[in-house]
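One line per chain: the protein sequences are A and B, in this order. The first sequence begins at 1 in my numbering and counts up one residue at a time. The second sequence begins at 1001 in my numbering and counts up one residue at a time.
Some hints here could point you the wrong way.
What the hints assert, rightly or not - Just the calculated beta-carbon pair ranges, DEER-fashion:
#, chain 1, residue 1, chain 2, residue 2, range
1, B, V1153, A, N237, 48 to 56 Å
2, B, R1093, A, Y157, 30 to 38 Å
3, B, K1317, A, Q310, 32 to 40 Å
4, A, I275, B, L1322, 50 to 58 Å
5, A, L143, B, N1094, 51 to 59 Å
6, B, T1226, A, P90, 25 to 33 Å
7, A, S150, B, I1315, 47 to 55 Å
8, A, A137, B, R1093, 42 to 50 Å
Just so you know, the hints here were simulated from the structure itself, not pulled from any lab data. Bear in mind the structure is a predicted one, so any value in this text is a computation, not a measurement. Glycine residues also receive a C-beta, built at the ideal position from the N, C-alpha and C atoms.
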Amino acid sequence: IRLNLLQESYNIIQHWPLSYSPGSLNPAYVASVSLRDLAGLRRKWPVSFCLLPFSSSFRRRDVLTLTPWLAPIVWEGTFNSELLDSAYKPLNLTIGVTAFAVGKYTTFVGRFVESAEKLFMKGCWVNYYIFTNNPQAIPRVQLQPGRSLSIIPIKKYSHWQEISMRRMEVINRHIAEVSHREVNYLFCLDIDMVFHNPWGVETLGEMVAAIHPGYYNIPRSQFPYERRSSSAAFIPNSQGDFYYAGAVFGGLVKQVYEFTRACHMTILADKANGIMAAWQEESHLNRHFFSHKPSKLLSPEYVWDDTKPQPPEVRLIRFSTVNKDYKEIRD
Amino acid sequence: MAVTNNLRNSFFLTLIPVGAIGCAMDKNQGKTGGIKGYFTKHHVYVMGCLTLLCFSCGYFWRSDVLMMTPWFAPIVWEGTYNFEILNEQFRQRNVTVGLTVFAIKKYVVFLKTFLETAEMYFMVGHRVNYYIFTDRPEEVPQVALKEGRNVVVLQVPNSPRWQEISMRRMEVLSYFSQQRFINEVSYLVCVDVDMKFNDQVGVEILSDLFGTLHPGFYTAERQSFTYERRPASQAYVPSDEGDFYYMGSIFGGTVMEVYKLTKKCHEAIMVDKANGIEAIWQEESHLNKYFLYHKPSKILSPEYMWDDNLGRPEILKKRRFLAVRKNHAAIRNK
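Kindly generate the complete structure, drawing on both the sequences and the hints.
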């Protein structure tokens, strides 16, 4: 049976009405674009572009912005939102967000969705998928037009680790049943977080991972990868690119489907061997992103830990943890 | 909950690629096959100022050039990528790359060097189809090819004017992309024939759509780019617009994107013809217009399109694809 997948090969090669000028001091208003209308797009860009350094305001010299496999690392200052918006908006994309609010974690849903309404993918169609064992506990949040929220009941497991790891399976199944028909891109986020600054189309990519805020500035040997070789999530000491956060990943819905499936398989393999990875599904996520590199990385701006002081290289905190008492909230 | 529904099962069947099945890791995966971590000796921090560089596999820090555009297109310079990782990624996907080249009339003389050097440097280790468009198929030289590489000779008509020949390439490419290339290759690289490969040109260039910076203009200001400046032409770009000046000698991408580009350019050329105007740099002008409004997802540095007459600036760590000396008067229109 041939399923009607949404056209998955969206690329950013669409109509770009603007020229880019990095030195421009006034990247303000963008005319809404009609594909044929070039007359309204004449802009006064006083500074011309140059490839040699020092002239570009869209440039970060203090951080890595490109991986060795040529995947961009998204930091504030590396991209021009105008340009990107003007390319993505005409595509009329629908972005899905999955989040799990199980047990006491339902208390986080209100703030998560409220902040997302203000800051997440503004101007796009958005579907929130909230997975919970207690649909009654999910607050009704006022949503902007073009945005919807579905509550999906799931089983609650007795241990928080189990709940965490089962997410891969649940997301995978949900894509197969529902979201492949409804969204182009899907982000899988932790619920105990809040948006503080805009999260936009600069994050869209085939397969997107986020760099863990606790480990972006330390040597690889100290990454908390799973180090026991009996686990399917094993990464040896000398290997690994980055330590990615389990709280944020996403991409084209088809890629997320395959990724969650692969993670779930290795989680099951470990279960069969009676082993649980050091950081549950985050370890498996890291293993898979090591073998199948993401096409875009999000800097720790996109997954921050509020208990950490904000360093100068993190100019904006866009998405960050909510302070909580783990003992109280888990199990 | 058992998955019994037929719909679900067949969905899994259609969506599971072979590669994903191989994801059920055995513990040795990290050591043997798969992708080796690239920083084997040194530590790399995400913060550039603390970076201790590792020189394995060609990767090192370039602080002298722009490495990425604000629309996240990497600009490919030596040192910005690790060829081992990229090679592994593309081998996993088992891609075939098509290299198209036009050798019309006397330009057939360039084919031998072109093909011999391509065998040495172009997409080594991957599957390649050379598509040679010529009006003199009998003059296409026999060149020894490595495993997994083929030559396909395609006959096309010639024309008295070289400008005409140059511009007709867009039409031919769009036609064949649709008719043939879509079924045979994943990526197309469209190049000029009066060139030779001098250093690695590999999978680091592959992307949805890529263009190459013209070696004469990569330090120039926008106003001095030689865009078509007459509004009567379809290739017109106003003097306050434009990101880069791209060279017409090497561009490419997925077959679909190349098809769209070549089709658009061909249509624009035809409209110009009907209006009795020819763009200043023929199809290169139209290509630049296209790239302005359809930004490439990857940009190749002038390493990928160099002419030794321009010297050897510090910024150029490799000269991968070089113009071959020719006598323009002797070779054109013959």
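| Which numbered hints fail | 5
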